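Engineer: Given the coordinates of chain A, assemble chain B onto it according to the supplied hints.
Heads up: the sequence lines are chains A and B, in that order. Start counting the first sequence at 85; every next residue gets the next number (this note's numbering). Start counting the second sequence at 85; every next residue gets the next number (this note's numbering).
It is possible that some hints are incorrect.
[Claimed, not checked] Listed next, with one range per pair, are the computed distances between beta-carbon atoms:
(1) Gly-268(B) - Thr-199(A): 20 to 28 Å
(2) Lys-157(B) - Ser-131(A): 20 to 28 Å
(3) Gly-268(A) - Gly-253(B): 39 to 47 Å
(4) Lys-186(B) - Thr-184(A): 20 to 28 Å
(5) Asp-263(A) - Thr-199(B): 28 to 36 Å
(6) Gly-228(B) - Glu-95(A): 16 to 24 Å
(7) Asp-263(A) - Ile-87(B): 45 to 53 Å
(8) Gly-196(A) - Ala-225(B): 40 to 48 Å
Just so you know, these hints were derived from the structure itself, not from any lab. Keep in mind it's a predicted model, so treat the numbers as computed, not measured. Here a beta-carbon is modelled for each residue, glycine too, at the ideal position from N, C-alpha and C.
2 protein chains.
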Amino acid sequence: MKILEDRIQSEGTVTIGGILKVDTFINQMIDTELMENIGEEIVTRFSNLGITKIVTLESSGIPFACEAARRLKIPAVFARKYEYVTLDDSIYQSRIFSYTRKKEMVIRVGKGLITETDKVLVVDDFLANGSAAMGLLDILAQSGADVAGVCVVIEKGFQKGREKIEGKGIRFEALVTIDSMENGKIEFRK
Amino acid sequence: MKILEDRIQSEGTVTIGGILKVDTFINQMIDTELMENIGEEIVTRFSNLGITKIVTLESSGIPFACEAARRLKIPAVFARKYEYVTLDDSIYQSRIFSYTRKKEMVIRVGKGLITETDKVLVVDDFLANGSAAMGLLDILAQSGADVAGVCVVIEKGFQKGREKIEGKGIRFEALVTIDSMENGKIEFRK
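If we strip away everything but chain A, and leave its shape as in the complex, we get:
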């Protein structure tokens, strides 16, 4: 997705810890026109599959999950990473390791929100080691829902996430794939 690559190249920065910072248009401030383009691209790649719900993880995936779901006229669901007062015992949960937070977290979705009659697309902002995506897929497996695929906005192609997802026989799409960020220089996959 050329406009997204251009934007990352011009505004993204690589921190000393090797984290890609895209806070000005994806991650804390959201360029809503770009959000529309991203939603459109997600829907184009997963059209005519009978998807009934889009699932993401709070917080940064929510704008893109909601925009794609809005275009498909279906609901979006976000798994909670943090304790929340209305989550009771009737939940699916999975343990993930957050590399950006350097700790284990439990992600949770209310049981009534995803069922075995659903066909679900997983959407997130980033894929790196795939821990969050694998946690969401674990929750979807518990629910009995069918999985249409996983679509992320930005893939770090030099990490293992895609391999893990495709290794489960699940379709994976990234709107852009970064092959290297060495010395702060961002290189996209051709």
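Structural biologist: Then chain B, alone, in the frame of chain A:
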């Protein structure tokens, strides 16, 4: 907003702790058609004011902030409630008390994302005691931005939030106001 009142009346539940649970359409699963209606209503109430950004707090306010911002063709910004790896020292921050989490939290926005040239509308899913909204207004005061108002989807009208906001001379709008949830019975303001 009649369709929202009807939906809350039919699907919302009041927990024993007095929390309104709207997880099936607002809070964990998002009905994206309702999200469009909510975005439209927010934009109608704050039209022709020259708003340049919408600001919310992660996570549940994000869908409505982004949808209203999309319609206004402006960016949405969410304050972070949780530690995040790309947040450095160049931030505005404010301390809030979360009643749903029963603890103090620090909310943060990167300094570059809101400036004194901005005119900002604050959007959130709920207003009760107004701690989150007051924290966002504190951050906006630090940034020097002009505040167009605060708009929430659901106001608990029997708590003090609105009083605090209007007490600062800031315009407040709620799409629906609940006057009572006693004995689990939800009563809306006429």
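Engineer: Next, verify each hint and record whether it holds.
Structural biologist: Hint by hint, here is what the structure shows:
1. Gly-268(B) - Thr-199(A): 20 to 28 Å: holds, 26 Å
2. Lys-157(B) - Ser-131(A): 20 to 28 Å: holds, 26 Å
3. Gly-268(A) - Gly-253(B): 39 to 47 Å: holds, 46 Å
4. Lys-186(B) - Thr-184(A): 20 to 28 Å: holds, 26 Å
5. Asp-263(A) - Thr-199(B): 28 to 36 Å: Given about 35 Å between the Cβ atoms, the range holds.
6. Gly-228(B) - Glu-95(A): 16 to 24 Å: The hint (16 to 24 Å, Cβ to Cβ) holds, given that Gly-228(B) and Glu-95(A) are roughly 23 Å apart.
7. Asp-263(A) - Ile-87(B): 45 to 53 Å: holds, 47 Å
8. Gly-196(A) - Ala-225(B): 40 to 48 Å: holds, 41 Å
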